[in-house]
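**Q** Chain by chain, the residues run as shown.
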Amino acid sequence: MKPARFDYLQATSVTEAVGALAAAEGEAKILAGGQSLVPLMALRMGRPSLVVDVNRIPGLGGMAIADGVVRIGALTRHSALSEQRAHPLLAEAARWIGHQAIRSRGTVGGSIAHADPSAELPVVATALDAVALVANPAGRRRIPAADLFAGPFETTLGHDEMIIALDFPVPRRWGFAELSRRHGDFGLVTVAAAEIDGRVRIAVGGVGGVPYRAVDAEARLADVELTPAAFDEAARLTASGIDPADDLHATAAYRRAMTAEHTRRALLRLRERPEGVPA
Amino acid sequence: MTISTLPGDTPEEGGAVGTTVRRKEDGRLVTGHGRYVSDLRLPGMRQVAFLRSPYGHARLRRIDASAARTADGVDGVFTGDSAEIAAVGLRALSALPSYIETEQPVLARAKVRFAGEAVAAVVAGDRYQAEDAIELIDVDYEPLPATVCAWAEPEVPVHDEAPDNVLLQRTFEAGDVPETMAGAYLVLERELVTNRHAGNPMECRAGVALWDYADNRLTFWSGTQVPHLARNMLAELVGLPEGNVRVIAPDVGGGFGTKAVLYPEDVALCLMARAMRGVPLKWVEDRSEHLLAATHARDHRYLMRAGFAEDGRLLALEADVTCNVGAYSVYPWTAGIEPLMAGGLLTGPYRLGHYRCTVRGVATNTSPSGPYRGVARPASVFAMETVLDEAAHELGMDAVDIRRRNLITVGDVPYRMPTRLIDESGRYGECLDKVLDSIGYDGFRAEQARRREAGENPIGVGFACYNELTGLGRAAAAGPRMAFRTGHDACTVRINPDGRVTVLSGVTSQGQGLETTIAQVVADAVGVAYDDVDVRIGDTTESLWGFGAFSSRQAVIGGGAAHRAGEAVRGRVLALAAALFEVEEAKLKLEAGRVHIIGVRDELATLAELARVAYLESNRLPDGFEPGLEATRFYDPIRGAFAAGVQAAIVEVDRATGEMAILRWACVEDTGRVINPQIVHGQVAGAIVQGIGGALYEHLVYDEAGNLTTGTLMDYLMPTSAEIPELDIGHIEVPADNPLGVRGVGEGGTLGPNAVLAGAVADALGVRISRLPITPAVVWEAVQ
Chain A
1 MKPARFDYLQ ATSVTEAVGA LAAAEGEAKI LAGGQSLVPL MALRMGRPSL VVDVNRIPGL
61 GGMAIADGVV RIGALTRHSA LSEQRAHPLL AEAARWIGHQ AIRSRGTVGG SIAHADPSAE
121 LPVVATALDA VALVANPAGR RRIPAADLFA GPFETTLGHD EMIIALDFPV PRRWGFAELS
181 RRHGDFGLVT VAAAEIDGRV RIAVGGVGGV PYRAVDAEAR LADVELTPAA FDEAARLTAS
241 GIDPADDLHA TAAYRRAMTA EHTRRALLRL RERPEGVPA
Chain B
1 MTISTLPGDT PEEGGAVGTT VRRKEDGRLV TGHGRYVSDL RLPGMRQVAF LRSPYGHARL
61 RRIDASAART ADGVDGVFTG DSAEIAAVGL RALSALPSYI ETEQPVLARA KVRFAGEAVA
121 AVVAGDRYQA EDAIELIDVD YEPLPATVCA WAEPEVPVHD EAPDNVLLQR TFEAGDVPET
181 MAGAYLVLER ELVTNRHAGN PMECRAGVAL WDYADNRLTF WSGTQVPHLA RNMLAELVGL
241 PEGNVRVIAP DVGGGFGTKA VLYPEDVALC LMARAMRGVP LKWVEDRSEH LLAATHARDH
301 RYLMRAGFAE DGRLLALEAD VTCNVGAYSV YPWTAGIEPL MAGGLLTGPY RLGHYRCTVR
361 GVATNTSPSG PYRGVARPAS VFAMETVLDE AAHELGMDAV DIRRRNLITV GDVPYRMPTR
421 LIDESGRYGE CLDKVLDSIG YDGFRAEQAR RREAGENPIG VGFACYNELT GLGRAAAAGP
481 RMAFRTGHDA CTVRINPDGR VTVLSGVTSQ GQGLETTIAQ VVADAVGVAY DDVDVRIGDT
541 TESLWGFGAF SSRQAVIGGG AAHRAGEAVR GRVLALAAAL FEVEEAKLKL EAGRVHIIGV
601 RDELATLAEL ARVAYLESNR LPDGFEPGLE ATRFYDPIRG AFAAGVQAAI VEVDRATGEM
661 AILRWACVED TGRVINPQIV HGQVAGAIVQ GIGGALYEHL VYDEAGNLTT GTLMDYLMPT
721 SAEIPELDIG HIEVPADNPL GVRGVGEGGT LGPNAVLAGA VADALGVRIS RLPITPAVVW
781 EAVQ
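Note that the protein sequences, when read in sequence, are chains A and B.
Sequential numbering of the first sequence, starting at 1, is according to full-length UniProt numbering.
Sequential numbering of the second sequence, starting at 1, is according to full-length UniProt numbering.
Chain B extracted, bound-state conformation (with noise of 0.2 Å):
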């Protein structure tokens, strides 16, 4: 053995975190091989078409489907009044005292709520045969008054459980609000209205569910964020040990929050297969379907009294806040979802001692809202800047300057928000600083007042400052009060016998790149080239246990269980290197897939070589040692990791059409630790996309009667890259309290361009902008 050192020998040389490796899973992605739910095919696989209400409040008098029963290609219908349909119903459970606890049908009972409803399911064939069955299907319906907005006296309750709809009211308080309000230089109150979204991924919702005829066991592929919950809740629902209960959710096109939900369809998609054993029912959401029928979210309402020193100090803030939740409390995150987090961030990262917020979520006759990427923030992030650069107005200040005299800084942290949250990050002057670098804030005013004066098109800038609360832990997890707490993930490490690495990760991707993220941080804590991980996703009889994709949590929590797992089973390799070669285990080292003693260029043994021994030679092993190399680990990160994230941009308006250009983008987040750059840009970008399609285009719209009047993509705009401008993304790194130092990036984005764009605006033709979107008309009429 020869024996050299190693120069610059560090553990952190050559690894895979920080850099941007190339992705796992894009080599089926980008060739068009990704195998999506909506490609699955089974042998005599069927496919279900739902009927759905045309009707936004009405009851069921009478269904006939029986022309549809004997329709070409139809092996069965089913009703809210089939046996198998009728013996489950979705129940969203909290344990908050106001909490008014309904049941959402799987299929359409006794009435209506929702324009979409499924009322009924058509098996068939082929999906034109089923299409062509559903409107064969008599349905006498007795229309209702309809409410469609949560702030408006219902004729007619959603649910008879809670009359005036409210189906969950809380408030967050702190401090003496009268008291300090009645003390304040300065009161500002505003009202603010945000605009109604959907989640469109670029793959809508599809299910394809198998009940083993012999064996009573259901197999449910599935586009799903949340593999094993939604089996706990199946195997819960359709009465199977969870065992016999396996989801799959293979490549997944998008989610957003939107495929978080367990859906009455899916459920009816399960019972449907236990009618009919041994037949795969295949159903794939049209795009038709998503915006009459997934989730919506943000269709908000701020009441905002703000107080205010003479300096700008914000001193007190009071809030009502009202969320239209929808028809149903959605499943299984409930009508709490959007309101206790609008409430529970409204305040975002500025230091405040007096709060006050109710917050209530109202039942309408529209489809139920649910979570969406950022859910609630980009709503009460915009309330609250607007509210920060009206007090800035009013007191003749500039609007940076009043953001820096309440953010919490550095030596604020860790920072106790009014509402018990421990904001940890801090560096948001860090933040706004690098920001207002990029935009080139400091000749802005300049050219600002040149332009007015020369009569030109006004330009106008806007900010965000917004505090992303990710990787939520046990103490801060997401939810009012459910009966899970989301606080942790498994992951399962394997060294096989040739030394290679495969991960079964609780995680999830819709895209984002998990399989590529889990593999890098595994390459690491255990020491082999990120080439030989292979990292297993989305099927529940392969991971142990993962909460999915929501939160921002996945690279914090599924991240940290990965890097506590590959650490053990790191350990166990070196234990057994140890004993095998008579080396204190201190004094080794495995990396890039080879043991050596540290300091020691040669190898003592390579992984596949201890590998071997471990499962092929148990001749060879030390007394004791157990044979195999594989360790599972979880990681709750108990509270969360805050991101601190600063936007702004400068637009220009065209006063005559009110068409806004926007010339600057900036944004800079507290990333933590970057894992894969690349990711991390993306995901960052995808976010200020989906905000400011969020901000100027998307808005789903009932009519009075409850008819959705947006029910394509012709009328529901989403942003296309001709929109969007150059987006200059910053970084800043501080490392979170887990084990990776990484703080979630999935979110952030969408937080800032509600209040960025409204901001801008406002500041480039002196304009009030209250409602969102923020459409030329809007703008134009304001100037008139």
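Pulled out of the complex, with its shape left as it was, chain A reads as follows (with noise of 0.2 Å):
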């Protein structure tokens, strides 16, 4: 277990690093927190050419509150994450990642960028129709997550961009619901619930290659009262959105299941949960 020969670049600035991605035309790997991949190297099954280091680069990490919107720092570690109280929704999530070593290391920038199709970042992301910053040589783009995520561990970053920050929506009403077969592994199934301008909108995470938005769901609880009734009904349409697959951990019929009762649970967790009070 390890890694391949690599070149190492520590990265200064912004510019400095997509400039290396650029020139290293996709065979570089950006480091962040390196909690996937460090073990994806030392399996051998990353084998960047370039590994370009951005932790000491300034300005990428914060949080600042501006209309709604949470923007939060690439290089922001899920502990911070967990920490902080303007988007409760995000620190709730955060609680939920890897155990304390790994919330100590791991960014949002990189849980988003390696787009683990089971993390709860992206669900997160996928829900509140989170957008990535993205710089590359020529400037800057931002990216709404619904165009983001391309399939497992596939984004549609460039191979010469790296996501700065994101903005996340902060909902009025929230609901998270996680299953996993022990503390701090990534779900089987992980739903986020969250009311934005008086819509509910649902992500659900581990049943596809990427988050599922389930815009039935959301459609059937658009403008009617948000009863358990309706919540049932909403599950049940997000169940049968999905198309899971058997895996080592559950079988289709399983994750399927589970799918509806976390999209309930979620749910009545938002209903539950007043207004404006953080997790």
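Quick caveat, the hints were computed from the structure, so don't treat them as lab data.
All of these numbers come straight from a predicted model, not from anything done at the bench.
Worth double-checking, as some hints may not be accurate.
To be verified - Derived contacts from chain A toward chain B, CB cut-off under 7 Å, selection only:
hint, residue
1, K2
2, R181
3, R182
4, H183
5, L248
6, A250
7, Y254
8, E261
What the hints assert, rightly or not - Straight-line distance between alpha carbons at most 20 Å, and here's what the computed EDC-like set of lysine to aspartate or glutamate pairs gives:
hint, chain 1, residue 1, chain 2, residue 2
9, A, K2, B, D75
10, A, K2, B, D39
11, A, K2, B, D286
12, A, K2, B, D126
13, A, K2, B, D72
14, A, K2, B, E135
Backbone N, C-alpha and C fix where the C-beta goes; we use that ideal spot for every residue, glycine too.
Assembly of the complex is requested from the two constituent chains, each provided in isolation within its own frame, with the hints serving as guidance.
**A** Written out as structure tokens, the structure reads:
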């Protein structure tokens, strides 16, 4: 479990980092918290020729709130995310990520860019229609979550691009429910429900190649009273919209049933949670 | 000399045994100063990496290592056909008539038999270079159909010698099963399948081999549980006089049986060291290698047929047990280790006259199975307890009552089990009483009914009663009639010229505190302070002999040897004092390092003064008294010490998700006399945790092509402290028939959780649990 040979660059600016990414023509990987990249390299499943360490780039951490949107620097660690109070849903989701040691290193930008279909933050980003702020040698652009996740561990980021921050709208009410084998594991099923602008949005992780946005269920909940019966129906619609596969830890049928159950739970939590009170 | 009487002057007073003394090893272990093989650095040392087969079963047509040989930093490349390697094969021996002997190559030759089998080894300046070079080795494999299930027909046998893959089969038989079964009120038939585990010690396997350039000596630092056995086997395999081989097991980061095996990688390191004399070669197994290629365990199927009387008495048991023993008969324990233990102990602590059980060890294209904490019994206890639970259900009895009806009682002991083992504990009823009290069984059934009626999440209770056979002597020794019998250990107790004590014990420790345990025993046996005893273990040049850590044997056997050697030395000290001071020896005692006349407070002499005479002032030695104060003694308990054990738990099940919450867990074992309460508690707790992990989380899965699909700890799930409930651990202390009165406690805890959790889920939901592990998905599917 020793990585193959690679070059290492400690970038000191975003410009330097994206320049190095561009020059490597797709053979480079960004090292942020390293919680996924380093094990993959140790297993030699990841073999970048260049590792661009962005940890020393100033200005990539920190959080700011404006107009109901929290902007989170890409280098923000999960532990900081779990402790902040500006965005309670993100704080709750962050607490479900791994263990303390992992949260101390892992970063928000890294988790989004890694695009693990079972990871918590891509699910929340999908539910909230978060937007990634991306730098490349030509400048900057914004990628909405719906356009960002392309498949398991795949994004639409160019090989010369890096996420520098994410904009997460703050929901009025929210619910989060995850089923994992053990405390700290990736979720078998992760559901985030959030109410923004009077509309409930639902995203599910762990049940497909990218987080699933339950548009049918959302439509069912639009402009109706949020009752348990409506939630049951939304949960059913969510479960029927996914196409999970059998794997080591769960059958497709189980995942589908758990999607319904955890959608219901997330929605009930949304309804039970008083407005404006952090988790 | 003033004479005064010492109040409460008894031999036990102030003894170290029975107290939680500060552990000798903790000074280094808890401050990060342990000395593990993984830490060892020697001048000029080179690192080894193994190329492992990506196929479960394939012919090896050609290996081209030419590019690897010239890669950066590479000092050597070895394959199964390298002359140094090809000359040696591992053949686990057994005199059992049905046993088919097969050979395990040091590096694969002609074909590979499991995914992960070592095919080649690279020696390089560092591990990175070694792993780089491994990728340059070009192997031409011709894939063969793989067999991963031990109860499936093989297309191509794993070994030509065994066309049906059966390496060993034996039938245990007692009484008349067919006739008794015919007369039974209830006959139950069940098929139960258990899951495949890895030992997963914190420190994976590790070794450093150095073959001295000039004097033809081999030193092997190894994280082994069995250094003396390893030396004996290595000397024979490499053709050296045994005295020229030294095996050193320094601090070892866990073992759990996995490291009681001599592995092909160990032998490869030593053979490569011979080819590269004077160069220390180091291999540290990584976690991927451990999951792939260290021994596995517990991949079993039990076909049970049990006959009961109307009152719940178990009348007859017929069983057919198939154990997946993997690709090779594990060296030196053989393919019999799991099947024979399963058949020998299946009936557990229950009275039974009519028993017929056929066990077989079947080779497959999976990593070899070997000894793992609890050996087979976590599986066999699950099979037995499940049958009892279902019989209780069929007969309308309570789960506790059917157990009480059948448990061996104090009045029955010594009880001769149908497999002729002698159970001398018998305290199952007492353990069960305490466990029931601990979990609050009295109020449980009412609460269970209340929840049922209220539509709340159901709760259930599960039980396991087991007899852990510990400290096996020569008449009960572990293993299937191998070329050696594992009954005894040796210990040398030496009083140094300064009066302090050095112990050279044959035991080994993988974290379970044997330095402390042995020091406690010797301190009391000699009559010195615990702090004045230093225990050396793990180096074959220091201790005379010890079989090592397995079968929960070391406190019983190594402790017995330490006690005997300590008493012998005390005898020498008292004899010397008696002669020097012209006092009758029987009137003297040695306590806290001072010899005095019994009943007299002031000492005649300190041990330091006497030791000085023994070593430095031979002019004062009595006539005929041999200088020095040392004794070496062996101990063999001949039979073993059964440790009665009962566990129970109450669980709550979420019907919607199949998730389980463990609300209560209790375990009571007959530990015999406790040497160190904290260590015993830690052993029992750790074993239960390992058992819970095995029941709920841990599962090695091969696909049909023979690929291990659980190759990292992301997929092979081990329990963390977050998954473990509070454990209420109690003991009863019935002295066993050995010098210290102790019973082994290392493994018993692992025996219960499979049965307890399966029983609890079944009780909560009214479903059958026939397969392990019990995952939320399995539970959910059972209630659909």
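**Q** Does each hint hold? Answer for all of them.
**A** Verification of the supplied hints:
1. K2: With a closest approach of 5 Å, the K2/A hint holds.
2. R181: It holds, given that the least Cβ distance between R181/A and chain B is near 6 Å, below 7 Å.
3. R182: Check passed: Cβ of R182/A comes within 6 Å of chain B, closer than 7 Å.
4. H183: 4 Å, holds
5. L248: Holds, because the Cβ-Cβ distance from L248/A to chain B comes to roughly 6 Å (cut-off 7 Å).
6. A250: 5 Å, holds
7. Y254: This hint holds: Y254/A lies near chain B, its Cβ roughly 4 Å from the closest one there, short of 7 Å.
8. E261: Constraint on E261/A satisfied, holds at 5 Å.
9. K2/A / D75/B: Within the cut-off at roughly 18 Å; holds.
10. K2/A / D39/B: The hint holds at about 17 Å.
11. K2/A / D286/B: 9 Å, holds
12. K2/A / D126/B: 10 Å, holds
13. K2/A / D72/B: 15 Å, holds
14. K2/A / E135/B: 12 Å, holds
The earlier numbered hints are all upheld by this structure, with none contradicted.
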